[in-house]
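4 protein chains.
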Amino acid sequence: MATGKTYEESAENNDHLIRSSDSQHPANLIPELCRKFWTLGWVTGTGGGTSIRDNDLVYLAPSGVQKELMKSEDIYVLALSQQTDPKKRIYLRSPPSLKPSQCTPLFIAAFTKRNAGCCIHTHSQWAVLITLLLEQLPSNATLFEINNIEQIKGFGRGYQKQGNLGYHDTLRIPVIENTPHEEDLTESLEEAMDKYPDTYAVLVRRHGIYVWGETVHKAKTQCESLDYLFQLAIEMKKLGLSWLSDIA
Amino acid sequence: MATGKTYEESAENNDHLIRSSDSQHPANLIPELCRKFWTLGWVTGTGGGTSIRDNDLVYLAPSGVQKELMKSEDIYVLALSQQTDPKKRIYLRSPPSLKPSQCTPLFIAAFTKRNAGCCIHTHSQWAVLITLLLEQLPSNATLFEINNIEQIKGFGRGYQKQGNLGYHDTLRIPVIENTPHEEDLTESLEEAMDKYPDTYAVLVRRHGIYVWGETVHKAKTQCESLDYLFQLAIEMKKLGLSWLSDIA
Amino acid sequence: MATGKTYEESAENNDHLIRSSDSQHPANLIPELCRKFWTLGWVTGTGGGTSIRDNDLVYLAPSGVQKELMKSEDIYVLALSQQTDPKKRIYLRSPPSLKPSQCTPLFIAAFTKRNAGCCIHTHSQWAVLITLLLEQLPSNATLFEINNIEQIKGFGRGYQKQGNLGYHDTLRIPVIENTPHEEDLTESLEEAMDKYPDTYAVLVRRHGIYVWGETVHKAKTQCESLDYLFQLAIEMKKLGLSWLSDIA
Amino acid sequence: MATGKTYEESAENNDHLIRSSDSQHPANLIPELCRKFWTLGWVTGTGGGTSIRDNDLVYLAPSGVQKELMKSEDIYVLALSQQTDPKKRIYLRSPPSLKPSQCTPLFIAAFTKRNAGCCIHTHSQWAVLITLLLEQLPSNATLFEINNIEQIKGFGRGYQKQGNLGYHDTLRIPVIENTPHEEDLTESLEEAMDKYPDTYAVLVRRHGIYVWGETVHKAKTQCESLDYLFQLAIEMKKLGLSWLSDIA
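Protein chains in written order, with full-length UniProt numbering: chain A, 1 to 248; chain B, 1 to 248; chain C, 1 to 248; chain D, 1 to 248.
Next comes chain A alone, as it looks inside the complex (with noise of 0.2 Å):
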């Protein structure tokens, strides 16, 4: 706020939120990323979305825009610090004739529980597949396992620790069950977030995912590292070839 004004004073819907000319600026920095994550197949047909953190202050990509089109004047700004009341959203800016993402209070979630820096929602097909294999399996419906492949070290060791996964590690990630209204996903989220303390990301049965880190550098990279194991598991669950292995 180098204006000097609060967000209450300024005026116009609050716009100096969102103008800046650097383009690390998070309303610069969610459509470029959002761009990107349409040709990666991830936000297709306005699905998805995506949020950065910048100490109190949440930007947010809004509902129903064609992510790869999105553009600074589309993004919502909040303070977490305001957000007393779950059922009542206060937002710092509102883009006019657009409405809030239903992912609002999972972004939240990520913020608050996990010092999130950065929310990625993507519906990318093969985390969509990865919980409908798991679905058919008489155990273990709710967790996705895969060691020994390289590129786990791309994931951090978990909330408030230091370093990343090691080779031999097993990455696991929760599936919390779909919901019709996106909002009602919250609680399970935040469960599996109690449960499984150092994930980074949770995935939504027949919806697709939520990653998260404590930059958008972290969140990005851990996406994109999910994304890349969830397509290799498909690809070894087609050539018969097994998630976990016991090499010492």
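One should not assume that every hint holds.
[What the hints assert, rightly or not] From the derived model, a few chain C residues whose C-beta atoms are all more than 12 Å from chain D:
hint : residue
1    : His25
2    : Ser94
3    : Gly163
4    : Pro174
5    : His207
6    : Glu214
7    : Lys237
[What the hints assert, rightly or not] Mimicking DSS-like on lysine-lysine, the simulated pairs with C-alpha atoms at most 27 Å apart in a straight line are:
hint : chain 1 : residue 1 : chain 2 : residue 2
8    : C       : Lys238    : B       : Lys237
9    : D       : Lys237    : C       : Lys238
10   : B       : Lys113    : B       : Lys88
11   : A       : Lys237    : C       : Lys238
12   : C       : Lys237    : D       : Lys238
13   : C       : Lys113    : C       : Lys161
14   : B       : Lys36     : A       : Lys238
15   : A       : Lys238    : B       : Lys237
16   : B       : Lys237    : D       : Lys238
17   : A       : Lys36     : D       : Lys36
18   : B       : Lys237    : D       : Lys237
19   : D       : Lys113    : D       : Lys99
20   : B       : Lys195    : B       : Lys113
Note that these hints are calculated values from the structure, not bench results. No residue lacks a Cβ here, since even glycine has one placed at the ideal position from N, Cα and C.
Keeping the supplied structure of chain A fixed, place chains B, C and D upon it in accordance with the hints.
Leaving out everything else, chains B, C and D in the frame of chain A:
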């Protein structure tokens, strides 16, 4: 018609109809969409097409051009109100040395019967494979059905209805049989629209798909969501997973 | 030759033959096409090639270059009328420190035997896989056949014939066996052209495909349509679907 | 060193080593290559790496960066002749706040043992899947072999040998076992180089591949050709086709 001329008065093949510095003008938007569709594999080898309606005016991609190289000057324009004889198409603007698309009567069906603002025709391989798989079934070979996948929420509930499909709703896309001449599909396309009044798309066996929407935004995002679901459904088939499930 | 010089008179390796500000000049078009083909996976790792004929002049991509980085200065030029001895190729223009493509006699066969204006050679994996699948068959291993797919209409009916194939027509692409030296394919390519005078393409077993057309437009769109059909045919094979059907 | 300074004399971390207006300078070329490799899925989620040698100087991509966003300023530089103690790496230029790549000793092995000018490390899924399929075999699990595919001609015959492999030659790529710490691969990589002196690549089980060549051109096109062959081999496996055949 800001110039105040009627179409008939304006000289030189009504080229003013396709000249605009507005990137959202249909004559600029159709080439941009077609470039994008070419990269998605939807309009390979001059296949497929796109049309946008602006009130009474209809803008159409021509036949037989490389879709990723299309220019505004290649666009046909007609007035819906002038198409009284389906055997005698009247164009306000015809590009020199090109041929009108055989898809024209099918696009017009979406505009007149469903009040669509945009109609997209693709030769997507996923769409073709879905129709080939359905053809193998003893029953139900003329309807693609899928449910309990989040991306289904990318579709409107139907013609003149408010809101979108829900997660548990079954998306149904009718399939019509292909004909040697594309314009001969019109009758069966219209029959499918009558039989499934809420559908926003019709699959054409061994050929591709027609998808429409009230706006360019809706037609394009519904087309993307469908292609996502078709690709997912093919992968599900390879992995032995069912398209329909009875999750509550 | 707007300068009025003969090829022999013009100095400096006839570089004027490959210098033009016209984006449609063959020396500009070949690099643009090769960039596009590289993104399609057709000319990976210096594989494949492209040639355009303008009356008596033939423009050729060189051997061994990274196709997505090719420049006009890399283009070879020869005059068809000067190629009287197939063992002694005469070039009007040779780029310094490059080697002519081994595909040259094959491109020339398409130009002289079929009056083609453009010939494209790809190492498309779909094309290679088709030839491998055919090799497993006890009979008919030298002919790819598919019918009743709309994209077949993307092909002309044949040499010196008017119009395109119809939906119910069977597209037939002959397969020739690969040889250690690419120029040694010339004889069997010409035999395949004689045996299938209406084909616009010849598959080379375990190698790729040659596709031509009367114009750059036709060669490129036929090459795209074929690649679409090959990819579709591989997916059909994985899903247990037949390439030929007897729909009326 | 056009400035006439020795490395030690030049101030400010030898930044002049990575500043050049020449697009072919290693410090410009590595970021351009990495952008391309990211789109090919080779360096997803900060995985993989690339190094170029210019006489005694070695330019290296750093650890842990988003490869499609890399800049010249992110490049490490070292002098081969100064690396007398493998436990104590000496860098001429280290980017502030980045870490050197664990791949460094592996790149150096290619430079010193094989006089390579460029070495590329990818996490290509096709490469990983090949190593997983080989792992299932009772024998020969440490060697990928394929023959009678044209793309094999994209590889040189071997270290200090003239010419390229022929169509009937068998391409052999050794596989080494992965280790928790990437630098610990060095010994087995060097052993594989000794056992297969003519190979230009070594697969790393469940990890990826290292590919080199005398020049950037050769390393890159060999890496592309290998990835093509790995993808083809996976598709062949799905279709029940053998990687080796005894065509004369």
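**Prompt:** What are the numbers of the hints the structure violates, in ascending order?
**Reply:** Result: hints 5, 7, 14 break, sorted rising.
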